[in-house]
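Could you put the whole structure together from the sequences, leaning on the hints where they help?
Chains as they are written, first to last, in the numbering used here: chain W, 1 to 794; chain F, 795 to 963.
Among the hints, a few may not be true.
[Said to hold, decoys possible] Listed below are the simulated EDC-like cross-link pairs for lysine to aspartate or glutamate, each with C-alpha atoms no more than 20 Å apart in a straight line:
| no. | chain 1 | residue 1 | chain 2 | residue 2 |
| --- | --- | --- | --- | --- |
| 1 | W | K730 | F | E869 |
| 2 | W | K31 | F | E823 |
| 3 | W | K392 | W | D445 |
| 4 | W | K32 | F | E823 |
| 5 | W | K569 | W | E609 |
| 6 | W | K14 | F | E869 |
| 7 | W | K31 | F | E869 |
| 8 | W | K389 | W | D309 |
| 9 | W | K32 | F | E822 |
| 10 | W | K136 | W | D775 |
| 11 | W | K426 | W | E728 |
| 12 | W | K573 | W | E630 |
| 13 | W | K14 | F | E886 |
| 14 | W | K426 | F | E960 |
| 15 | W | K730 | F | E959 |
| 16 | W | K573 | W | E590 |
| 17 | W | K426 | F | E957 |
| 18 | W | K14 | F | E882 |
| 19 | W | K426 | W | D737 |
| 20 | W | K31 | F | E822 |
| 21 | W | K730 | F | E957 |
Just so you know, the hints here were simulated from the structure itself, not pulled from any lab data. Model, not experiment: these values are computed from the prediction.
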Amino acid sequence: MSTTSVLGGVVRRKEDPALIRGTGLYTDDVKKAATVHVAFVRSPLAHARITRIDTEAARNAPGVLAVYTIDDVRHLGPLPAQVPVGKLRPLLADGVVNHVGEAVAMVVAETRAQAVDAADLVEVDYDPLPAVVDLKQAASDQIKVHEDLESNVILTWEAGPWGNEEGIAETKAKIAEAKGRGDTVTVSLEMRNQRLLPTAIEPRSVVAEWNPGYERFDVVSATQIPHALAGAIAKTFGLASNAVHVLAPEVGGGFGCKLNIYADEILVCFAARELGRPVKYTETRRESANNTIQGRGWIGTATLVGTQDGEILGYELEALCDMGAYSQNFTAAIPFLGVFVGSGQYRFPTYMKLDCVATHTQTTDAYRGAGRPEAIYYLERIIDAYARKIGKDPAEVRMKNFIPAEDFPGVVSPVGFAMDTGDYAKNLRALIESDAYRQLVAERDRLRSEGRLAGVGIATYVEVCGFGPSGLADLGFSWSAYGLPSSFNGSGLVRVNPDSSVTVIIGTGPSGQGHQTTWAQIVSDQLGIPIDRIRVIHGDTAESPMGIGTFGSRSAAVDGSATYLAAQKVRAKAARLAAHLLEAAEEDIEFGDGGAYVAGSPDKRVTWEEIATVAYQPHRLPEGVEGGLEAHAIFSPANATWPFGSHACLVEVDEETGDVRILRYLTVDDCGNVINPMIVAGQIHGGIAQGVGQAMFEEAVYDAEGNLLTPSLLDYILPTAVDLPSFELKRTVTPSDVNPLGVKGIGEAGTIGSAQTVVNAVVDALSPLGVEHVDMPLRPKRVWQAIQDAKGGN
Amino acid sequence: MQVSMTVNRRAVTADVEPRMLLVHFLREELGLTGTHIGCETSYCGACTVLVDGRTTKSCTMLAVQADGAEILTVEGLAQDGQLHPVQEGFWERHGLQCGYCTPGMIMSAVGLLQENANPTEDEIRHGIEGNLCRCTGYHNIVRAIEYAAAKMRGEEPPPPEWEHEEVIA
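Dropping the structure here:
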């Protein structure tokens, strides 16, 4: 790398000037001439047979161009899924509705208001069927979600280690033996990790246009996976993937909910081709709540056995994981991500059994963290309960059971996965030995001495991200379901233009992560061309080579590395051209100060302009050297990456009202090398806010009939600025050894580390009353009730 | 119905349906798509604009109610190519990620600083309580507004946190 490295430095974001002026273009801002609009007729029932659909009145309503039902589109469905277990979603309800809000018919009209008005005129007769919403009831198969499926349990993930039956039997035996010993302590808690609504502030939106002359779809969609969407549309309509141009413009938050292929994205294409008009659909907030994928939704029992002095001998987690009615992109794979991190950064025997259970509710899928926050929550809550039971400091107990730093490289976790690098003890020590942490404890003790309920919670986490190795395709994870047999590679193209400006084209689909800035830093570092001369393009399938999109904290580690390798190729080519111009040896060429020079003779130099000029005037090139100055690289890492960290917070609970206040929040994160510390900190802040949101406020509540009771932001409570403190961040740096940048990924870490930190703190605050656990979200009523129950029990 | 108003210092007259919301008028009739729609229930604040100098959620107001009013949207904040100090603060202190809540958040901050030139952190947090952000955890939004407040008072803004970021070797 060049000596004047811009890697690791703070650079103001290239994205921001448009966004702060209000000129950034989001999907709903796209205006195509003669666009028509969509409204859906949606099921009011969670489970019912459709006996009649009468669309005539709607067809005759003002402005209506068409009303479609499953009979019009059955041949195009169902939606693909990467783990095709359970029931795949038909594009519109096919004879039966399986959750409230399921689309039954689609109305297309000249204006959105006309479409909405006409949708009210579609008559649907339903014959209600019994619905099952409760996870335990669903797992018992008393009521089947789909008649033709053998069981509501559509898949079970078992580990300890994963995929090793003999090992699992051995692990179970070890844990049983430990429990049976007279000198051990066993703690067990049933805990809910409640359903959440991802709630990107930008609702999903898509607009599609078909050009019969070009035989091409032009689609703009608020998606995290533009290439997969292009593939899915192409496969659906029997086209080559290059006959579909998908653009993901500015995307107003994703958090996993735009990491999916939605029926509406296929249906607007269908209607656009049928009607010869651009067709647009933008979901309402209520539709977003009911019909965009949801996250989490586990109920599980964590059991831990250990000695009196803090040595943990075994851990078990058995959980039911809510899949909703239909499987979509990653639905049944989400708990598998929990399996990856099920034993955390610890070395004790771990057994996991996660049942994927269908219910008559909206589909669940990836929501920030996706399986990992759930798994880490159970683990870190039960370790805390164990530490409390044996009267040990929770940090000390964790420290005692960590995988030691000297075991790296070559660590395989108890659940069977190779981990890249880690130094967990150093990280936790950096937290608990800090002045800030000592102040937290002192402040808690001071508040307690005044008779107030105050608590300190700590929790550690390990994450798996940066997917990933190409070999995942052999496990069944690839984009083949979308007609694109590509694994989870990273992709980057670097082009020096004739005027020596640089265009970087990447395969990611960011939604606020600052890729334009970070990637410009990577390329600027390699070429020595200033960041303001570099333009980064993403999210456009017509421009960019095959890309996997932005999710799972993968972009920097995988696509960033690909771009780094592409930039190195360009640099090598430029060195060759410079050597020719300077009549020097290629290996003597160095880059800096806006060009290249001969090592030891900085006066013998050429500018980037001169290098670019010769690249595009190939008659001036030596024989055998091709013109042009660009390179593409694909990167497949040897492994996923494993970031880790430690969180702590101080809370005060109002004994009278149950109101919880977070007074201070500290983290020490380790995401390996950092390209832009400002962006990394921002990702951690936002991640913590979402974990705290789960801990304290958010819950997607369904009633027994399958109605979502929290479809608006009045019912589904997001944290506001007054609910959160400023965050106090530190970092340790343990570079990854599976990518050339040494980065690990930071998009989800804050969320994975935070919910249990808050719950641990609240339980610490309530522990003088004898409270051992309170389920999330810790809204005042629930906390107040826990206080009353504890007092009543005294 | 005919409405006349001033939007970003320009006079505008248009025929609108009585049921048209101000936010739709701005976005669809005037092409000012910087004002966003996030929730339709006046909760998220993405549609915040200034109406006669007061922060207003433009999805709660009909276009006809704005007849005769002076409207300022995010597009009208920068003048003569010069960013408003609040816009500058959001850029300088990483006060945005996806940018969707940003225009509304910026307009709320502008309204807040008009009323309180030297707000405490707590006052800033309460001042933007009606605007939801899902990306930043509000941390850097608070820093951005502190930056802008200092700038508007003619003071040197506090240094960015990353200047004293602690990395443990």
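Results for each hint:
1. W/K730 to F/E869: violated, 37 Å
2. W/K31 to F/E823: Status holds; Cα separation ~12 Å.
3. W/K392 to W/D445: Roughly 17 Å between the alpha carbons, so the hint for W/K392 and W/D445 holds.
4. W/K32 to F/E823: holds, 14 Å
5. W/K569 to W/E609: Holds, because 18 Å separates the two Cα atoms, which is no more than 20 Å.
6. W/K14 to F/E869: holds, 18 Å
7. W/K31 to F/E869: Holds, at about 18 Å.
8. W/K389 to W/D309: holds, 11 Å
9. W/K32 to F/E822: holds, 12 Å
10. W/K136 to W/D775: Answer holds: W/K136 to W/D775 is near 17 Å, not above 20 Å.
11. W/K426 to W/E728: Distance of about 18 Å is within 20 Å: holds.
12. W/K573 to W/E630: holds, 8 Å
13. W/K14 to F/E886: holds, 11 Å
14. W/K426 to F/E960: Judged against 20 Å, a Cα distance of about 15 Å means the pair holds.
15. W/K730 to F/E959: At roughly 7 Å apart (the allowed maximum being 20 Å), F/E959 and W/K730 satisfy the hint.
16. W/K573 to W/E590: holds, 12 Å
17. W/K426 to F/E957: violated, 23 Å
18. W/K14 to F/E882: Between W/K14 and F/E882 the Cα gap is close to 13 Å, so the pair holds against 20 Å.
19. W/K426 to W/D737: holds, 18 Å
20. W/K31 to F/E822: holds, 9 Å
21. W/K730 to F/E957: Judged against 20 Å, a Cα distance of about 13 Å means the pair holds.
Violation of the numbered hints given earlier is confined to hints 1 and 17; the remaining hints are satisfied by the structure.
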